[in-house]
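Asks: Residues in the sequence shown are numbered consecutively from 1081, following our numbering.
Simulated from the structure, these hints should not be mistaken for laboratory data.
If you're wondering where the values come from, they're calculated on a predicted model, not measured in any experiment.
Hints may contain errors.
As the list claims (entries may be wrong) - Derived pair list, reagent style DSS-like, types lysine-lysine, alpha-carbon separation capped at 30 Å: (1) K1106 x K1351; (2) K1319 x K1308; (3) K1359 x K1107.
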Amino acid sequence: MKNKKIKGILPALITPFTKDENVDAKKLRNFLQFLIPQVHGIYPCGSYGSGPLMTVAQRKQVAEIVIEEVDNKIPVVLHVGAADTQTTIELAKHAENLKVSAIACLTPYYYLHNFTTIAEHFKRIIDSVGIPVFLYHNPKYTNFLSFTPDQVKKLSDIGLKGLKDSSANITFFYDSVAAVNNPDFTFLAGSQTIVLPALMGGGDGCVSGLSNLFPKIVNKIYEYVINKQFKEALDLQRKANILRKVTGEGIPVPFYHAALKLRGIDIGLPKGPHLPFSKEDEDRIKNPILEAIELEQSLS
């Protein structure tokens, strides 16, 4: 898996937790068994997966469970980014030992860093492992707001192998594809809201929160584009974007814990400080989710 270019739709895997905020291993395995046959890859421990909220031990536990369940069937791009370089390298080496397909790293968050610091951070990570390292670009949540396509190119020159772009800035995505200009470099959109334009602009796929809940809907947009059925892709992209509005603002982790129950899938509780949905919120999302289930079934 690790030597093959990663393409398609990868759910940004939601992590289930118990009441005492431990990883719920059984529910995670059950959820993976639902997803794996339906998706092109898995992206664990990112924002949707509560990676920044977990202890290092919990992140390693999730990675180990994912690798066991995937069993080399599909690629795994594991997020290992942390606020400090040492922890990131520790998680990167653990990921390499698990034989993941690639790792992705947020730019180190909380503190304001300049590009010289960012570049050295990534060089140390790249030099520490022999597996592909991707940049996870998420400026809203990392305090690094001025990343440029030329800087992506500079990181590719020191060994970066891919970009997962969650900026929602399609111009940045297009210009990064042009700046790197390397057919072996992987470009993944960080939201299903721009799957169609990202693929049209040279992207290889998407890491999608919505794919936790409706993998077939997001997959179908990808399939339509690959088959040059652009009218159908646009129609479904619009429907998916309307559905995304139901999930709420930001990174709607508690939404997915509630919504998956409507699919008969129990993925436990979100990790604090996230709070489970109230009964009122559950009632609010019920009809849109049931309608989307019907839409998904019509695509089968």
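Asks: Given the proposed pairing of K1359 with K1107, does the C-alpha separation stay at or below 30 Å?
Replies: Between K1359 and K1107 the Cα gap is close to 22 Å, so the pair holds against 30 Å.
Asks: Against the 30 Å threshold, does the CA-CA distance of K1106 and K1351 hold or violate the hint?
Replies: holds (16 Å)
Asks: Are the Cα positions of K1319 and K1308 separated by 30 Å at most?
Replies: Between K1319 and K1308 the Cα gap is close to 19 Å, so the pair holds against 30 Å.
In terms of the numbered hints stated before, the structure departs from none.
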